[in-house]
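Trainee: Next come the chains, spelled out residue by residue.
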Amino acid sequence: MTPGLLEAGAEAHARALTRIATAGEPVFNQGVALYVEDIKVAFDGFQALAGLSFTVGVGELRCVIGPNGAGKTTTMDCITGKTRPDSGRLHFGSNLDLLTMTEAEIARAGIGRKFQKPTVFEALTVTENLELALAGDRRARFAMRARLSGEQRDRLDELLKTVHLAPERERVAGLLSHGQKQWLEIGMLLAQDPKLLLLDEPVAGMTDEETERTAELFLSLEGQHSLVVVEHDMAFVGTLAGADRTVTVLHEGQTLAEGTMATVQSDEKVIEVYLGR
Amino acid sequence: MKKALFIAGAAVLLLAPFLHLAFPPGHPMHLSEFYVGLLGKFLCFAICALALDLIWGFGGILSLGHGLFFALGGYGMGMYLMRQIGRDGQYQTDLPDFMVFLNWKALPWYWALSDSLVAQLFLAFAVPGLLAAVFGWFAFRSRIQGVYFSIITQALTVAAMLLFFRNETGFGGNNGFTDFKRIAGLPITSPGMKVALCVASAVALIVCYLVARWLTQSRWGRILQAIRDAEGRVRFLGYDPVAFKLSAYVISALMCALAGILYVPQVGIINPSEMSPAASIEMAIWAAVGGRGTLLGPVLGAFFVNGTKSVFTVWWPEGWLYVLGALFIAVTLFLPTGLVGLARRLRK
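Line by line, the protein sequences are chains U and W.
The opening residue of the first sequence carries number 1 in my numbering; numbering runs sequentially from there.
The opening residue of the second sequence carries number 278 in my numbering; numbering runs sequentially from there.
Only chain U is shown next, with the shape it has when bound in the complex (with noise of 0.2 Å):
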């Protein structure tokens, strides 16, 4: 064979793998996770995304901050599928077209969401809670014959470990703190084992250390895992951005600022919308 069919060759196969599509899985050929350019989304007349663009690698912890109506829910909204944007464009790897998919298949795709007031199925325990979100067969036919592996029983135990709920296995979650709602909602969106992780306020109402044992948590999927986290603890952003990750300012549904959280704060911009003159 000569080179020149080669490289067409491989050249069609790129083609091929990145070529729009409307389900199935990701390919992360590009480095970029999600692709957010231009969305727009009005409201009754009010502008709640007014062209935002953002970008966010694979395996990269992304906090998103922004005062009260900048658009931070409305993106999530918008990037799960459970919001249509008047315009723009919106990808998950550089194959998948969101606009086109349902909330269910955005999911199946691998995008997990945990929501900002914690929901969980109340009247399911908390290994219910889990097992339903385990990765794996969707279909109700599957669902009525279902039954839980060996394999998936370690992974379950493994999670409830991970979110600090073993001792609570058997509880209806509904009896559960409102932090521990928070926790099982995060183990839940670990279970889907997401490629990309949106985390709405995850740490609304949790105490002090069950906010630092959140951002341990957070940190240690770094890599694994892409995470978007919106956030209004300063606190909190602070540990998740360290002294090198990306934090993105939003105000009135456009991207302010993007940087590292010193060169964020220091924006002149950014201060005299959010961080208070």
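One or more of the hints may lead you astray.
[To be verified] Non-contacting residues of chain U with respect to chain W, defined by C-beta distances greater than 10 Å in every case (computed): (1) Glu-7; (2) Gly-9; (3) Ala-12; (4) Gly-24; (5) Glu-25; (6) Asp-44; (7) Phe-46; (8) Ser-87; (9) Thr-100; (10) Thr-162; (11) Thr-211; (12) Ala-215; (13) Asp-233; (14) Lys-269; (15) Val-273.
[To be verified] Example chain W residues on the side facing chain U (calculated, C-beta under 8 Å, incomplete): (16) Leu-492; (17) Ser-495; (18) Trp-497; (19) Ile-500; (20) Gln-502; (21) Asp-506; (22) Gly-509; (23) Arg-512; (24) Phe-521.
What the hints contain is simulated information worked out from the structure, not anything from laboratory work.
A virtual CB, placed ideally from N, CA and C, is assigned to each residue, including glycine.
Put chain W on the given structure of chain U with help from the hints.
Mentor: Structure of chain W alone, referenced to chain U:
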């Protein structure tokens, strides 16, 4: 303990009808024909309450149109029973009397299977099942929830009732079907047949109960409960709630159809009043009184409410609806978990 209770309950339901045959009238152990019929009716109602509870108690979907599936099952069975009358009707013709009355010369096409019990039974399940599948698919896909779903199911059953009231629809208009003579060639009013139908209803209830128990304890059942409590979360876990709600709705409709199929030969009549809104709402009351989200509750609720109704219709017929209303209000206010919840609370 629980298992022993279940076996005891099942045995009582299965054996009680035989008291009618085993002991002569006048014997203290004899169960009169009236009570065999009543038990059979209650068993069918209990299946309906169980079916409704599967989607309401576990799935959080309140259907106020389940009377429609019950009636469609009943009409399916009724068509077969009408054909079994043969030439013994008033006009002594091959066609059912109401068709002769309408001056029809041949059976309409949708009566084509009505001479075969097996084929007609298939139809009696297939029609309500398909209707539930199509209606449910559109409703759940459009994310119609809560009270809106209740209202459109109610509208659906009213629309069907109006359709079945018309003589031209071909189901006997407001008189419906009655005057049945036999099933599979055997006389329908014989004591043996009465007992057989009652026992069949008991078997049906036990099977439905076991199916419901298996379903609700499977992962499918837990996802259904999860949808009830936090549908958004379920979606973001990658499950499509439509598939789960729809399968629950169709299974529930099929159970109601089964109840209707067994009910009609026992009471000897089916007419459009079974599709009235009140009939469907009563089913919801049975489930609520007994205890939503438990499987035993709706069964007890159906027996309790209908038992009370039987007492009141003898004692104080005009008062029954007031009693029913008061019962419903009392349960909603003081016993959100119904009779089963009350029993649990008393035990503690």
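Trainee: Each hint: holds or not?
Mentor: Results of checking the hints against the structure:
no.	hint	verdict
1	Glu-7	holds (39 Å)
2	Gly-9	holds (35 Å)
3	Ala-12	holds (32 Å)
4	Gly-24	holds (13 Å)
5	Glu-25	holds (13 Å)
6	Asp-44	holds (20 Å)
7	Phe-46	holds (22 Å)
8	Ser-87	holds (24 Å)
9	Thr-100	holds (16 Å)
10	Thr-162	holds (18 Å)
11	Thr-211	holds (23 Å)
12	Ala-215	holds (23 Å)
13	Asp-233	holds (23 Å)
14	Lys-269	holds (33 Å)
15	Val-273	holds (31 Å)
16	Leu-492	holds (7 Å)
17	Ser-495	holds (5 Å)
18	Trp-497	holds (4 Å)
19	Ile-500	holds (6 Å)
20	Gln-502	holds (5 Å)
21	Asp-506	holds (5 Å)
22	Gly-509	holds (7 Å)
23	Arg-512	holds (4 Å)
24	Phe-521	holds (5 Å)
The structure shown violates none of the earlier numbered hints.
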